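Given only the sequences and the hints, what does the whole structure look like? Please build it.
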Amino acid sequence: MELSSSKFSRFALNRNPKEEASPVFDMSNSSYDVDSIYNPVSIPGHEFNVSSFDQYEKMYLESINNPDEFWGKLATSSLHWISPFTKVSEGNFSDKNYAWFLNGKLNACYNCVDRWAETKPDALAIIYEGDEPDDQRKVTFKELKINVCKVANVLKMKGVKKGDCVTIYMPTIPELAYSVLACARIGAVHSVVFGGFSATSVAERIHDSHSTIVLTADGGLRAGKHIKTKDIMDDALTRCSFVKHCLVFKNIGSDVNMEYERDIWMHDAMDSVRPYCPVETMDSEDTLFILYTSGSTGKPKGLAHTTGGYLVYSYATVKYIFDAHEGDVFGCMADVGWITGHTYVVYGPLLNGLTTVMFGSLPNYPGPDRYWKIVKEHKVAQFYTAPTAIRSLMKYGDAPLKEYDLSTLRVLGSVGEPINPEAWKWYHNVVGQGKVSVVDTYWQTETGGIIVSPMPGATFTKPGSATYPFFGIELGIVDSASGEELEGNSVSGLLCIKKPWPGIFRTIHRDHGRLNSTYFPTKYPYYFTGDGAFKDKHGYIWISGRVDDTINVSGHRLCSAEIEHALVQVDIVAEAAVVGYPHPIKGQGIFCFVTLKDSTKALQKEEIIGRLKMSIRHFVGPFATPDVVLITPNLPKTRSGKIMRRILRRLASRNFEDLGDTSTLANPDSVKQLIDEVKLL
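Quick note: the sequence shown uses this note's numbering, first residue 1, plus one each step.
These aren't lab readings, by the way, just hints derived from the structure by calculation. What you are looking at is a predicted structure, and each value in this text was computed from that prediction instead of being measured. Built from N, CA and C at the ideal position, the CB exists for glycine as well. Errors might be hidden in some of the hints.
[What the hints assert, rightly or not] List time: in silico DSBU-like cross-link candidates among lysine-lysine, alpha-carbon distance up to 30 Å:
(1) Lys225 to Lys161
(2) Lys379 to Lys435
(3) Lys120 to Lys96
(4) Lys376 to Lys402
(5) Lys537 to Lys425
[What the hints assert, rightly or not] Estimated spans, in silico, between C-beta atoms of each pair:
(6) Glu259 to Asp548: 33 to 43 Å
(7) Pro582 to Lys373: 51 to 61 Å
(8) Glu69 to Asp134: 48 to 58 Å
Put into structure tokens, the structure is as follows:
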């Protein structure tokens, strides 16, 4: 049900309006309807953890005005501390050195597993849905603890100590959760690499993390297709001679190469160790995990998250944004290789004592009803997926949902990219029947958890807007031209965060100096998200997308430089430029502009494009395969020789009229030729 803009939250309306918006990210003429407002959903007999907008406003203002008191109380009540923290926070963005819950001692695995294994051992911790619907496993908290302890003991037996880094490369299966939690149990730092990455990318991450122990699986299945996980790891390890052991879980029974002494079957090793392993006492600021994300230079950044702050923030976002209650089944469809899987498949739900669903297939496999079958069969309360998946299912219409009872749903979440209003309304009206809260969440690997989102049962929502900041998140919008902070509403610019919060990453692994140039580029000591945003007349936040060379494909951040590097490895390529463009399903698609050397005239176009795509699959991974490859004789450049990617982005988006300032072009005729070539695609 929609509500007129005159009747909703005083929190949004009590702002000082500033009607002039920066033209760089001006969304006033966009397709977004800033006046379309939906009431908070109410459920008879159910009280939401944030039950009204007044309560949200009160809690939010407390978290901003008295952050130490707010987070201190939440940390004390939500986690088990071996030794209490003596100070809630220290430091700021000015000196790029900040810490939370100082001197506190705790263990992440104990908080996720042991306390529930003690109080409700037979409750389900994990429901696994494999590639085929009949490939299911259910793991109780008691069983989870036993398996985690066994993996932990194998790691210790192979020499893993507190502070060592362990790289994990496998499909989203229960053994991945066991491995992550086992590392946390013994104080090892886990580095999970997404199962779609190539051997080159895996090797690069193993090198940067200095892992001498790696964990993998024999293989996986994805929409019926065999994924040769162990073979890819073997290829990666040819470049990592320092790796001592590769521990292999048996998943699909593939016949794989096992190198003598280096490779060890985990099922044999786990049978030989005790099902008990004591937890390691960790400082709140000890590193819990490293997760690599795309960097603007093409070199992946290993973002280090610490134990106390990450756990508190993960717990809080699940409790409040997803309205977590005892007995809930939490269905996040993400791969654990991404931050969404870390926070909302493993840590967040388990910290709240919920049952978490691990999903190892695709939303439309073996049919377009797969998601809804999962919701019905497992009585899912919170469902979290990407706009890409939502849009792909919309094309099948409403019929696949009709035979399923989805009445257990309480919250529908969207993650990875801004959701378009049409998909939001379908999610709300068709999947949720207008009775389920939709939370359009905005965050990134660096933030640890959601930073902008509605609160179910409390927030008046607008399709396409992430609405308001989460507790502790004080947003700022900086004008991209003047560098000045823009006050009030109806402003757009660079989205920044003014003060540290518990979930923020602490450093870039082995490259702390890169922190300043990457995340603090403005004159203010504000964290820069890399995204542009528009704050509308009611104070609602609309994310307008990346302002750097990062491309968001189906919620996965890819660096254009990384793809360009893969292209120029092909010996026939002279130059390459890669940009993103609007894609109806994936949010953004990958568009490659490529010039070739003179020696390629004898080659067929299809053969050339095939070689280019193969190189990208080899160096980056299959998920980075481009949607469009345009072979052209010239790229637009400035007089200094710099490729004008701004123009290429507009051409890829078929925006041929508004190319901006072209006065610095050294070869303006190249643009005219590109326009003709793009029109023919």
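Going down the list of hints, with the structure as the test:
Straight-line distance between C-alpha atoms of lysine 225 and lysine 161 comes to about 37 Å, which puts the hinted pair past the 30 Å bound. For the suggested pair lysine 379 and lysine 435, the alpha carbons sit about 16 Å apart, so the restraint of at most 30 Å is met. Restraint check for lysine 120 and lysine 96: the C-alpha separation of about 42 Å exceeds 30 Å, so the hint is violated. For the proposed pair lysine 376 and lysine 402, the alpha carbon gap of about 11 Å is at most 30 Å, so the pair holds.
Taking the CA atoms of lysine 537 and lysine 425, the gap is about 22 Å. The hint holds against a cut of 30 Å. A C-beta distance of roughly 41 Å is found between glutamate 259 and aspartate 548, which places it inside the suggested range of 33 to 43 Å. Against the hinted window of 51 to 61 Å, the Cβ-Cβ separation of proline 582 and lysine 373 comes to about 31 Å, which falls outside the hint. Hint check: glutamate 69 to aspartate 134, Cβ distance near 51 Å, so the stated range 48 to 58 Å holds.
When each numbered hint is compared with the structure, violations occur for hints 1, 3 and 7.
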